[in-house]
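So the sequences go chain by chain: A and B. Residue 41 in this note's numbering sits at position 41 of the first sequence; the count goes up by one each step and never skips. Residue 246 in this note's numbering sits at position 246 of the second sequence; the count goes up by one each step and never skips.
Careful, some of the hints might be misleading.
Distance windows between CB atoms, simulated [said to hold, decoys possible]:
1. K30/B to A62/A: 33 to 41 Å
2. Y136/B to G267/A: 27 to 35 Å
3. L53/A to A226/B: 39 to 47 Å
4. A329/B to L222/A: 35 to 43 Å
5. L24/A to L113/B: 38 to 46 Å
6. Y6/B to V111/A: 29 to 37 Å
7. G307/A to L168/B: 56 to 64 Å
8. A226/B to V18/A: 32 to 40 Å
Here are some, though not all, of the chain B residues that point toward chain A, as calculated from beta-carbon distances under 8 Å [said to hold, decoys possible]:
9. P145
10. A293
11. V294
12. F308
Stretch-level coverage of chain A by chain B, calculated; a stretch enters the list once three of its residues show a Cβ under 8 Å from a Cβ in chain B [said to hold, decoys possible]:
13. 140-149
14. 157-166
15. 217-225
16. 232-242
17. 283-296
Hints are computed from structural coordinates only; laboratory data are not their basis. Here a beta-carbon is modelled for each residue, glycine too, at the ideal position from N, C-alpha and C.
Here are the chains, one letter per residue:
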Amino acid sequence: MTDITAGHSERSRWEAFVYALRFLFAVLRARPLFALGYFIVLLVVVLAIFAPLIAPYEPEVANPVDFLQGPSWRHLFGTDATGMDIFSRIVYAPRIDLTIALAGTMISAVVGSFIGAVVGYYQEGGGFGSFGAGFVMRAADVLQAFPVFVFAIALVAIFGQSLESIIAAIAFVNAPIYLRLMRSQVLAIRNMRYVEASYVSGASDLMIMLRHIIPNSMAPILAQLSVNIGWSILLTAALSFVGAGVVAPTPEWGSMIAMGFQNIITGQWWPSVFPGIALAVTVFGFALVGASVEVLADPARRRALAGSLRERKKPA
Amino acid sequence: MRILRYIGRRFLFIGPQLFGIILVSFLLVKLIPGDPAVMMLGPFATEQQIAMLNVEMGLDGTIVDQFWIYLQNLVQGDLGTSWQTTKPVFDDLAIRFPATLELITLSLLLALLIGIPLGVAAAYFKRSIVKKFSDYYGLLAGSLPDFWLGLILIYLFYTIMQVAPAPLGRIDFAVLPPPPVTNFLIIDSLIAGNWQALWSTLGHLVLPVITLAVINAGPILKMTQATMERMLESDLIRYAEMCGLPKTTVIRKAFRNSLPSVVTIVSVLYGFLIGGAVLVEIVFSWGGAGQYAVQGVLNADINPVLGFVLFSAILSLIIYLLVDLIYFAIDPRIRG
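All chains, full assembly: derive it from the sequences and hints.
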């Protein structure tokens with residue numbers, strides 16, 4: 001009998017999976033912008049992984065003879081002032097930009113939302129917990145009162161200019177966002193019946209948090225994640241642009257724009273324009289994915305979307 | 001009377017908050033490696049010279065001593081000296097903050113002019129092309145790097161068309177700037193009646209203002225649209241429509257009720273741009289406050305960074321206070 005139920009649940013799980021996949025494709029057909037977002041993100045990831053196969057030139061090898069060449073078939077996006085091929089460098093750039101943005105966002109999301117969950121859980125209990133929660137929130141106020149960009153540069157300056165310190169700086173400036181988001185979620189969920197029931201049945205605080213509170217408050221965090229990755233890519237590029245991020249020969253969009261800065265005044269637009277477009281398109285892609293997650297992760301909005309899909313089908 | 005009590009309560013928190021900000025920024029900046037004495041004297045300084053300079057600058061004590069000295073000076077309005085410009089930080093900031101404020105105030109005004117009409121139209125005409133455009137605009141504006149957009153504008157309007165002035169500062173080198181009174185060049189040239197300076201200043205403002213406005217109109221547009229949509233579906237507006245009020249009156253009423261959230265987003269953007277405009281400042285060699293602070297961080301010049309953080313913190317507090325006052329003016333529920 002156990003066999004039958006196991007087989008049954010497996011099949012229904014498979015059906016649920018197929019149903020979810022079908023739903024996703026229906027959504028993507030109805031909302032082509034979402035599809036565009038997933039396409040862009042996928043493309044950037046593919047570029048990052050297969051860069052050596054796609055790029056026609058070495059990204060960090062300068063060819064002084066071919067400096068500042070305009071776009072041509074030989075150099076698709078032209079060459080910069082030192083003679084490096086801009087197309088190859090753009091293809092290689094997501095390796096470092098994505099690494100920094102993904103790592104920075106993940107660290108801030110995990111650390112920030114964990115602290116936020118703890119703060120939200122103990123805030124209303126009174127006693128030491130409340131006091132500690134208040135202290136953490138005031139500390140977050142002070143941190144957020146700093147101008148983000150100057151704060152990030154200062155952090156990079158403190159830790160020394162390296163990949164790890166850029167990641168740390170980005171994680172640090174992003175963490176308060178997740179802290180606040182998670183805290184407000186937990187404050188709302190904490191008083192739900194099922195949490196009370198679990199408390200009455202003798203579950204420990206940690207158990208309640210891991211089993212009930214965190215899984216039920218993930219939706220807005222997930223939506224924030226994707227948008228935040230795009231934003232972190234922008235911040236990384238901005239840091240590199242002022243010279244506090246990734247250093248020159250390493251292919252990175254922001255530092256490439258900075259290198260082309262002088263040329264643009266004299267009329268060579270390609271060293272700055274192409275990396276800027278790549279940067280903007282990537283961030284746009286992550287923003288679209290974020291927008292789609294926001295709809296799909298929210299049960300009410302997902303139902304509304306499913307309803308509108310069905311309506312659309314009927315007349316046809 | 002409620003308003004006075006409310007503001008009084010706000011002021012109670014300002015002291016501790018400012019102290020926290022100064023303390024954290026002091027510790028933060030102190031952690032940046034790099035010895036200002038070595039940087040000032042160059043590579044050929046003897047150890048004795050370095051030690052003497054450190055005593056002179058009050059950098060020989062423990063970090064607690066140094067913080068105490070900084071606080072004492074601060075109370076007297078002395079923010080220390082920048083070793084890069086060799087001028088008191090207060091004087092430097094008195095020039096650079098107006099430069100930044102002039103830039104971001106005009107940018108946000110233009111952003112409002114773009115964002116609010118679009119947002120209102122997109123909320124009202126739900127199946128129109130305006131709504132589609134607004135949706136795309138909101139997403140795109142958030143994805144464009146502002147420093148890159150600035151470069152593109154420079155390329156188009158300075159390099160190619162040659163209608164914009166060179167992206168080098170706030171006023172032409174050839175034009176005599178007006179005598180500094182407020183350090184806001186527009187106001188100063190109006191006071192002096194110097195039309196040539198005014199014209200040159202406005203010309204230099206055009207590109208950076210457009211850059212920042214195009215980007216920051218995105219969030220304003222999104223916020224206006226979202227609140228207006230909610231408003232237009234509210235019972236209040238339904239009732240107004242059923243009473244047969246003209247469309248323009250209905251929209252005006254709905255907009256008036258969505259004003260608080262627009263004010264909120266503008267205040268948030270203003271606070272953000274004080275430091276966030278730095279990249280555009282660098283691209284246009286603006287000589288603004290953010291640029292000053294970034295140079296300070298990159299060169300272990302402590303006092304400008306601290307001064308900047310302090311100034312912008314105070315400014316944000318003033319802005320939030322103003323916003324609360326505006327809430328009182330536009331939201332009758334708070335007035336009670």
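* Against the structure shown, which of the earlier numbered hints fail to hold, in ascending order? -> Of the numbered hints, just 15 does not hold.
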